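**Q** Residue strings, one per chain:
2 protein chains.
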Amino acid sequence: MKLKAQIVDVDTGSVHKILLNPVDITHLAMFAGERVLLKYRKSETVAIAESTSLVDSGQVGILNEVQRELHVKDGDLVEVSSDVKPTSIKAIRKKMDGLALSGEEIHAIVEDLVAGRLSDIDISAFLVSEHIRGLTLEETVHLTRAIAEEGEQLDFGTNVFDKHSIGGVPGNKVSLIIVPIVAAAGLLIPKTSSRAITSPSGTADTMEVLADVEFSVEELQRIVKNTKAAIVWGGSLNLAPADDLFIQVEHPLQIDPRPQMIASIMAKKLSTGIQHLVLDIPTGEGCKVTTMEEARKLSRDFITVGTELGINVHCAMTYGSQPVGHAIGPALEAKEALETLMGGGPTSLIEKSTGLAGILLEMGGLAPRGVGRKLAKDILASGKALEKMRQIIEAQNGKASILPSEIPIGTHTSILRAPSDGYVATLQNRALVRLARAAGTPKFHGAGLYLHAKVGSRVKEGDPVITIYSETSGKLRDAVDVAKSLMPFTVEGMLLRTMTDTEQYSH
Amino acid sequence: MKLKAQIVDVDTGSVHKILLNPVDITHLAMFAGERVLLKYRKSETVAIAESTSLVDSGQVGILNEVQRELHVKDGDLVEVSSDVKPTSIKAIRKKMDGLALSGEEIHAIVEDLVAGRLSDIDISAFLVSEHIRGLTLEETVHLTRAIAEEGEQLDFGTNVFDKHSIGGVPGNKVSLIIVPIVAAAGLLIPKTSSRAITSPSGTADTMEVLADVEFSVEELQRIVKNTKAAIVWGGSLNLAPADDLFIQVEHPLQIDPRPQMIASIMAKKLSTGIQHLVLDIPTGEGCKVTTMEEARKLSRDFITVGTELGINVHCAMTYGSQPVGHAIGPALEAKEALETLMGGGPTSLIEKSTGLAGILLEMGGLAPRGVGRKLAKDILASGKALEKMRQIIEAQNGKASILPSEIPIGTHTSILRAPSDGYVATLQNRALVRLARAAGTPKFHGAGLYLHAKVGSRVKEGDPVITIYSETSGKLRDAVDVAKSLMPFTVEGMLLRTMTDTEQYSH
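Protein sequence lines, in the order shown, are assigned to chains Y and U.
According to my numbering, the first sequence is numbered sequentially starting from 19.
According to my numbering, the second sequence is numbered sequentially starting from 19.
Okay, chain Y solo, but in the shape it has when bound (with noise of 0.2 Å):
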């Protein structure tokens, strides 16, 4: 049927949207939610058409991404047709119901998602039919390749390396120690990371502290012709983009399937154009993998996906039940990542740092295997790593000659007491995570957390074991709230609640 558009000024951000009346739904035997095609001289688009009584019977409400295709003016005549059953979405139907796609059906969920056709209604359906039916692994590859192929693809040439974390352990600022140790070591490395989504520090929030971190393309391809490295938000890059919106609704399920989370990494990696990964596997009680048997599934999982995809995949286990190191939050982050790029810094960070950048100077020939973690070792303490972070930190329009003690740290504090004597027993990933985003991380680069004492330590009553920092009086009074209510940490022998509603810490 012909309408007459009606142009509203709405972007949706990316789902292609119109607006029709309900007599109009009704005649076009169709339902609000479901997807017409749209007609307007030699253009035509398809579209997810809302409910709404604000448009009269006879028009159709034109949002911006659909009148940017149309190129259509207010009181046009737009031809407006029902019964639009996308291959994606008889895919989609076809995975709820447990059978496996083809390349080409995957290849269409991830190009309609990208172009705006599918509604949270569809996008929810495939992940949650993933989520119970699972992914083959050649279903993982086509899923990993078209996410990949539908956004930006850099190219650095052809020995390129890699570090990634799957996440889930706070206080993880490893990369700002294995990149320069690789590059240092004259392996190509250009680094893509992301900010916090529900962490306290992404990568880029802890390197933003240093340096800049936001570029384009041609400026990210100078900076690592220049250093042969480089940490920078991969999310000015365009990579991927069906990944974010895959993302975005993951979220409010709470789901990761185990295929989006590998299709997600390995598609980033191969539009960054990497060819050699070292992938960090964060494994133990409040990680996203807890037992070994997990992380050895998943590692033999990215490493069948990485061999198909053309990249060499390393995982490595690492201990993750508490924080890496002792500091929390994008600056305590940065200072301590500077620190032991210094000589300093605590050997949790150092060991697992050098451990992880080891593997990738044997993946580049650089070193016998089971030699990779002592050169790792030597180059950090021959101050090569730090002068090339130094170098990366300059390219980065940072202040190359950064000292720790510059980085501006929160001065609202609050210190977290051992309640009783006794070890350390646990130090909660979880519980720290939103401790410290109560204080303030990621959005106040000085908010965060610093921990005097980890798991093992000894403490005798009233020592120090964690410091709140914020940046304000206000989120330091959110923190110490949010510290009453959880269970941050736990010392062996410590009244984990009495009945009555005291406090847990003394401050």
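Treat each hint with caution, since some may be false.
Copies of one chain are not kept apart here, so a pair can be met inside one copy or by any two copies together.
What the hints assert, rightly or not - Derived DSS-like pairs (lysine-lysine); straight-line CA-CA distance at most 30 Å: (1) LYS57 - LYS502; (2) LYS20 - LYS502; (3) LYS502 - LYS60; (4) LYS91 - LYS461.
These aren't lab readings, by the way, just hints derived from the structure by calculation.
These numbers were taken from a predicted model, which means no experiment stands behind them.
Add chain U to chain Y, keeping to what the hints say.
**A** Chain U only, in chain Y's frame:
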């Protein structure tokens, strides 16, 4: 965090929504599409947060549904907090993982659905999980009760009868014959019915040709008191609003999980106060239920759920592979029903109507088992059903004495003729539905189809098989186009399709 309210004068229909700037979404450690708790003075409510840069950081865009709950004005400070995980969301996740839900959990889902606290993402996740994992009969009973309890509850006393069809067969105007037969026998049958959603005519659309169908609860009570019967639209009575909200998501997904179908139908019966129900299950190729085995399983489930709810259910599997009677479309069906009540009408319609009415008469103790159909036929033949129908029409503000010839039918017609000699082999429900919709049903009451031949009829080349009726020449042209691309009937021996794109049917 406290944010400044900015009233956004938009109705979402049902979902409670607020708008937040992406910066504040990050700061709240949440994702767009997740829920927030809003507090203003003594009011609080839960809403789904959408991310948009239309709202500045520090502000919260309040849509109408939320404004009505919080009574905030522009500039008021609203406390917004994240990490709201309602029971319903945990329950949906549980069903996703294949676990059975408690009554409390199912009630939480339906309550949050009706209160606008579930997004499309959540509702899709629940329905897809239900489609894949199924529901136990116990869960189905809880779902039915929850859907019924969230809406209006009618009470017509203790001996209330009803007839329902699970749908899917065009031309099924049997309610217009069953209701007056049963009421003429003295049983109470207040039939609430639906308008067409994807079919050419719902019972409410067909009845609307003869009388009004939209009434308040009080008016319905008065009509039923006077005539022992009614044939009205259920939509104006606010019965089981949750059901409509589920259907709005089921349709774009093109799924109709069996437990959801059972709960949908039985909840409406529960809220209409029905105690005795005959349920028509059209079975066969082109129906919702294609095999007798499936029909028997579905019948058993309906009966079990009915028993739990105190509703005596009798299921009747009927032949559903072709339309009932000869007429499709509101006016054509009303005309055929009236002719049948006046002593004419096609055998298939008489047999199906009196068969189902007979079961109700037996359930009501008015005929011994096996004799109900005969009694129903006697009542139909006696003219008492016609008399009762005229009373119902009058009570619903129609013209009691209306004759079939007075019902206006579309004047633009086209005849689809047999392309060869032979027997009509198929009349395809889905193709006929699309054809009738193209001709203008249900919007144009006079539009529709008349089937001159049914499956098994002997036709000669050139004999009329289907007449298309439209109210405008444009709609007739649309229907003729649809007839060319679909194949609404086949004659044994006719060429199904030749390799050039010639027309199938002569006009």
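**Q** A separate judgement is required for each hint: does it hold in the structure or not?
**A** Checked hints:
| no. | hint | result |
| --- | --- | --- |
| 1 | LYS57 - LYS502 | between (60 Å within a copy, 22 Å between copies) |
| 2 | LYS20 - LYS502 | between (62 Å within a copy, 21 Å between copies) |
| 3 | LYS502 - LYS60 | between (64 Å within a copy, 25 Å between copies) |
| 4 | LYS91 - LYS461 | between (41 Å within a copy, 29 Å between copies) |
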